[in-house]
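Enquirer: Here the sequence shown is numbered in this note's numbering, starting from 1313 and rising by one per residue.
Worth flagging that the hints you see were computed from the coordinates, not collected in a lab.
Quick caveat, the model's predicted, so the values are computed rather than measured.
Everything hinted at is true.
Just the calculated beta-carbon pair ranges, DEER-fashion:
1) R1527 with W1373: 33 to 39 angstroms
2) D1338 with T1393: 42 to 48 angstroms
3) G1444 with Y1497: 18 to 24 angstroms
4) R1515 with S1374: 48 to 54 angstroms
5) S1516 with P1482: 26 to 32 angstroms
6) E1579 with D1600: 16 to 22 angstroms
7) R1442 with T1500: 24 to 30 angstroms
8) G1444 with W1599: 28 to 34 angstroms
9) P1482 with S1375: 56 to 62 angstroms
10) D1338 with V1467: 16 to 22 angstroms
11) R1572 with N1603: 25 to 31 angstroms
Straight-line C-alpha distance at most 30 angstroms; calculated DSS-like pairs for lysine-lysine:
12) K1463 with K1342
13) K1342 with K1492
14) K1492 with K1463
For every residue, glycine included, the Cβ atom is placed at its ideal position computed from N, Cα and C.
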Amino acid sequence: MPSGARARSGPVSDAMPAFDDAALPDLAYKVRWRVPGARPGSHRGRQNGSGGELRGYVPFWSSPDTRRIDFARSAKEPDGTLMVRQIEQRSAIDVYVIADLSASMDPTEDGARRAEIAKLVKALSQSARRSGDAFGFIGFGETVMRDDLLKASRVRGAEQAVLERLQTEPLTARNINGLKDVAAYLGTRRRLVLLVSDFHAPRSVLEPSLAALGRHDIVPIVLRDRRERELPSGFGFIHVRDVETGQPRSLLLRPALRRRWSQAAAENMRMLGQLLSTYGRPPFFAWDRINYERLSEHLLAG
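Model the full structure from these sequences, guided by the hints.
Expert: Structure below.
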């Protein structure tokens, strides 16, 4: 596969495919780290509270709570020390979708990628609310797009303005240099971040940007066109466009080209997977559409 090239075919439309709110998938997720916050939620926390697992026992004098006295455990103490149970607090987190809104994320100019991002935003915001978590969104291209910025919120429907912009605003940014500035909008408290991009950017851009996000729990979602890894069957010419420069090219479909294309695509995925795993969880690859059952399994695996 020529570097940065993507096969392109099919009609071009300004309309963005709609999705049915009632049919949105249930997106499950969890984190492996203990949450420091005191707001009640569904994740394992660092603080003592209620609703979680038994953390251990301490003498009553160090945690004087008569509701948690364990007489059976106290009876085992040689000196008769009164013991109380320590229960971990189940706590809430902030969950973000951080999305690449550059032109390369709309390769066929039909809005299909924007629709996928919108569907993910809607599904994750609903799942976050059910879990007691806050949901936020940050879009980036050449810069962080402040009009597409949603600070983490538990307010129902807070994501609506983001969805409307994804439905109406074309993706025109020429690069993703703004990714390096995203960390400043997340703050210092650890967040669960779903980072959505095709990751068609130089390593010199990706690596420092990913490193800046290192304090957060990053889940890269690599959203690409299936034709990037396999060429169409048949014989003839195929039109491709360089995702960085936008320049068109025509290539003759031959068996040797198909082999080189597939080999180059596999190597690109391997190297990208290594890079992304260095700074976050292993990446989730989605071809054309996000499979939400598989994504939930990926998020639950931690």
